[in-house]
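Assemble the complex: chain V is given as a structure, and chain Y must be docked to it using the hints.
Chains as they are written, first to last, in this note's numbering: chain V, 3 to 167; chain Y, 3 to 409.
Simulated from the structure, these hints should not be mistaken for laboratory data.
All residues carry an ideal CB built from backbone N, CA and C; glycine is no exception.
Don't take each hint at face value.
Covered stretches of chain Y, as calculated for chain V (at least 3 residues, CB under 8 Å) [claimed, not checked]:
#: 1; segment: 217 to 231
#: 2; segment: 334 to 341
Straight-line alpha carbon distances no greater than 25 Å define the calculated SDA-like cross-link-like pairs of lysine to any residue that follow [unchecked claim]:
#: 3; chain 1: Y; residue 1: Lys109; chain 2: Y; residue 2: Leu255
#: 4; chain 1: V; residue 1: Lys89; chain 2: V; residue 2: Ser43
#: 5; chain 1: Y; residue 1: Lys245; chain 2: V; residue 2: Gln45
#: 6; chain 1: V; residue 1: Lys63; chain 2: Y; residue 2: Thr336
#: 7; chain 1: Y; residue 1: Lys109; chain 2: V; residue 2: Leu150
#: 8; chain 1: Y; residue 1: Lys245; chain 2: V; residue 2: Asn27
#: 9; chain 1: V; residue 1: Lys89; chain 2: Y; residue 2: Thr362
#: 10; chain 1: Y; residue 1: Lys109; chain 2: V; residue 2: Asp26
#: 11; chain 1: Y; residue 1: Lys63; chain 2: Y; residue 2: Gln334
#: 12; chain 1: V; residue 1: Lys63; chain 2: Y; residue 2: Asp340
#: 13; chain 1: Y; residue 1: Lys98; chain 2: V; residue 2: Ser22
#: 14; chain 1: Y; residue 1: Lys98; chain 2: Y; residue 2: Leu68
#: 15; chain 1: V; residue 1: Lys63; chain 2: Y; residue 2: Lys245
#: 16; chain 1: V; residue 1: Lys63; chain 2: Y; residue 2: Thr362
#: 17; chain 1: Y; residue 1: Lys285; chain 2: Y; residue 2: Asp176
#: 18; chain 1: V; residue 1: Lys63; chain 2: Y; residue 2: Met330
#: 19; chain 1: Y; residue 1: Lys98; chain 2: Y; residue 2: Ala311
#: 20; chain 1: Y; residue 1: Lys98; chain 2: V; residue 2: Arg28
#: 21; chain 1: Y; residue 1: Lys63; chain 2: V; residue 2: Leu150
Example chain Y residues on the side facing chain V (calculated, C-beta under 8 Å, incomplete) [stated by the list, open to error]:
#: 22; residue: Glu45
#: 23; residue: His58
#: 24; residue: Lys98
#: 25; residue: Asp134
#: 26; residue: Val239
#: 27; residue: Arg241
#: 28; residue: Lys306
#: 29; residue: Val358
#: 30; residue: Arg367
#: 31; residue: Tyr375
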Amino acid sequence: MPFDTIITALKGRFADLATSEFRDNRRVVVAPAQLFDVLKSLQEEHGFDLLFEMTAADYLKYPNAVDRFGVVYGLLNTVTGERVFVKTVLNEPDLTLPSAFSLWKGADWLEREIYDMYGILFDGHPDLRRILMPEAFAGHPLRKDYPLRGRGERHNFPVITRANS
Amino acid sequence: MPLEALDTLPDGPEKDYLWTLNFGPQHPATHTTLRLILTLDGETVVKAVPDIGFLHSGFEKLGEDLDFNQYVTIVDRMNYISPIANEIAWHHVVEKLMGIDLTPRCKYIRTILAELARISDHLLCTGAQALDLGAFTAFLYGFQQREVIYDIYETISGQRFHPSYTRVGGLLYDVTEEFVRKVRSFVQEFPATHADMCRLLNRNRIFVERTQGIGVLSKELAINLSCTGPIARASGVVRDLRKDEPYLAYGELQNTFKVICATDGDSYTRYLVRMEEMLESLKIIAAAIENLPAGAVNVDVDSKVVFPAQTSVYRTIESMIQHFELVMPNRQWTPPLDEVYGAIESPNGELGFYIVSDGTGVAYRARTRPPSYIHFATFPYLIEGHQLSDVVAVLGSLNIIAAELDR
Chain V
3 MPFDTIITAL KGRFADLATS EFRDNRRVVV APAQLFDVLK SLQEEHGFDL
53 LFEMTAADYL KYPNAVDRFG VVYGLLNTVT GERVFVKTVL NEPDLTLPSA
103 FSLWKGADWL EREIYDMYGI LFDGHPDLRR ILMPEAFAGH PLRKDYPLRG
153 RGERHNFPVI TRANS
Chain Y
3 MPLEALDTLP DGPEKDYLWT LNFGPQHPAT HTTLRLILTL DGETVVKAVP
53 DIGFLHSGFE KLGEDLDFNQ YVTIVDRMNY ISPIANEIAW HHVVEKLMGI
103 DLTPRCKYIR TILAELARIS DHLLCTGAQA LDLGAFTAFL YGFQQREVIY
153 DIYETISGQR FHPSYTRVGG LLYDVTEEFV RKVRSFVQEF PATHADMCRL
203 LNRNRIFVER TQGIGVLSKE LAINLSCTGP IARASGVVRD LRKDEPYLAY
253 GELQNTFKVI CATDGDSYTR YLVRMEEMLE SLKIIAAAIE NLPAGAVNVD
303 VDSKVVFPAQ TSVYRTIESM IQHFELVMPN RQWTPPLDEV YGAIESPNGE
353 LGFYIVSDGT GVAYRARTRP PSYIHFATFP YLIEGHQLSD VVAVLGSLNI
403 IAAELDR
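One chain only, chain V, in its complex shape (with noise of 0.2 Å):
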């Protein structure tokens, strides 16, 4: 099914649908309240059934910016190659996502890590912990108002000496 039919089946479906494309990324920008239909519909009836990527940012510090995090889903059709973006905008204090392990259990991980990374809850995740950071830690490193040599979790890193092992 060539992009544009797709494109128009979901606008007629979903009212407010913006698309843009940048280079070979072709993409289609909805609200998180019709996030998961349109990656339902897009699994069932359009043929994309592989979650290649997903993957956040932190638009805080970008230029011109009116959003605060935006979300981002990459779906390949594995018969046609096809692929496309879904993205989606999220703004504080609401930092919550439908979860999408209902339609692909490869979200397990990806959504563990955007929740580690930025703070992003999915709703409806089975196991949402923290992946790659320890459980204890506080904050979300990639966000931007994180600092790159962090919060002095390194410089107040509790030594045990040998006299008091």
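Just chain Y, lined up with the frame of chain V:
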């Protein structure tokens, strides 16, 4: 038993016979630092929960601080088994962002290096898989050829492990005659080692019985779990970016190689797919090295994206200004204000980068799509119901590189 089903089992005496084993983070068979919390019924794995992050070193945060050329030294250290594939992927995406079209010579050299990296990666993976199951010799045969590949890296860049050889719009140096000679002799000599490894393992009764039917990944599950590369191809997913979305010189070398696919999806099949892929890579290298185009290796200096030659920097003011512009943090490149995803077929699968650009020479967001991370998430699905001793057989066939897993 699927993970969800286990959670519905009642707690208490019904589950008392289960016991927990911590596998790793430092265990010889994990090769790197990763931990598995295994729930066992006798020796049968009922549930496996991977615990990762031991090697997390904030690569993506560093990517937001280092410029497009500097960050290549960091991506090098992600999959350190085939570092040059990471470099090629990174600059492939940076060049896609900036809309740079490489010179034919550069495309061919990068293709040769990417395929050498694939052979090097598969040699380690198949060798280590055999090593974990008790066959040491195949691993040593493989490592002897990996040394030859390291020698080739050393010839081109002066560095054996982390060459940091690609640059925006080209390469650090052009290759020499010696490189061509070494690659030719590798193409000549490698099939003998490959045949030795095949003779040692393909019909080795211990190896086959310990891997065949172990860790079966069905096609549906492979797609649902986002698998790519040899792991997906061993499960019958016919996807290879070299054929499907040709980049570098793969478009021109299309007829020299085949995509290796299988349908069984077990550890043994993954091993076979990797072994066969090495021979296909060798065909690409042989064709590319004989058709290596002459000409410049970097794009035209007037495009203002590459460094001018050292001699001209010293002798002309224009070149000196251009060099200066590219190294000063507030000048550098001016990519469009947009975001782009690009990927290459790395030895392990689709290795992609998602770059958000704010118009400066430093990525605003440099996301890696790490194949190891995505493939390790499949592990609980593969191991359940198998024996404890099968853990290493499955782990070895997934080729998990912890530096890429945790970044």
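So, going through the hints one by one against the coordinates:
1. 217 to 231: Three-residue rule met by the segment 217 to 231 of chain Y, so holds; n is 7.
2. 334 to 341: holds (count 4)
3. Lys109(Y) - Leu255(Y): Distance ~11 Å between Lys109(Y) and Leu255(Y) Cα, so the pair holds.
4. Lys89(V) - Ser43(V): holds, 15 Å
5. Lys245(Y) - Gln45(V): It holds: about 24 Å lies between the C-alpha atoms, which stays within 25 Å.
6. Lys63(V) - Thr336(Y): Holds, at roughly 17 Å.
7. Lys109(Y) - Leu150(V): Violated: Lys109(Y) and Leu150(V) sit about 35 Å apart, past 25 Å.
8. Lys245(Y) - Asn27(V): holds, 18 Å
9. Lys89(V) - Thr362(Y): Holds. Lys89(V) to Thr362(Y) sits at ~23 Å (cutoff 25 Å).
10. Lys109(Y) - Asp26(V): Distance of about 20 Å is within 25 Å: holds.
11. Lys63(Y) - Gln334(Y): holds, 20 Å
12. Lys63(V) - Asp340(Y): It holds: about 14 Å lies between the C-alpha atoms, which stays within 25 Å.
13. Lys98(Y) - Ser22(V): holds, 17 Å
14. Lys98(Y) - Leu68(Y): holds, 18 Å
15. Lys63(V) - Lys245(Y): violated, 39 Å
16. Lys63(V) - Thr362(Y): holds, 13 Å
17. Lys285(Y) - Asp176(Y): holds, 23 Å
18. Lys63(V) - Met330(Y): At roughly 21 Å apart (the allowed maximum being 25 Å), Met330(Y) and Lys63(V) satisfy the hint.
19. Lys98(Y) - Ala311(Y): Distance ~24 Å between Lys98(Y) and Ala311(Y) Cα, so the pair holds.
20. Lys98(Y) - Arg28(V): holds, 14 Å
21. Lys63(Y) - Leu150(V): holds, 7 Å
22. Glu45: violated, 26 Å
23. His58: holds, 4 Å
24. Lys98: holds, 6 Å
25. Asp134: Violated - the Cβ of Asp134(Y) stays beyond 8 Å from chain V, reaching only about 24 Å at its closest.
26. Val239: holds, 6 Å
27. Arg241: At 6 Å from the nearest chain V Cβ, Arg241(Y) passes the 8 Å test, so the hint holds.
28. Lys306: Constraint on Lys306(Y) not satisfied, violated at 20 Å.
29. Val358: Hint holds; Val358(Y) Cβ to chain V Cβ min 5 Å, cut 8 Å.
30. Arg367: Since chain V brings a Cβ to about 4 Å from Arg367(Y), closer than 8 Å, the hint holds.
31. Tyr375: holds, 7 Å
Violated hints for the displayed structure, listed by number in ascending order: 7, 15, 22, 25 and 28.
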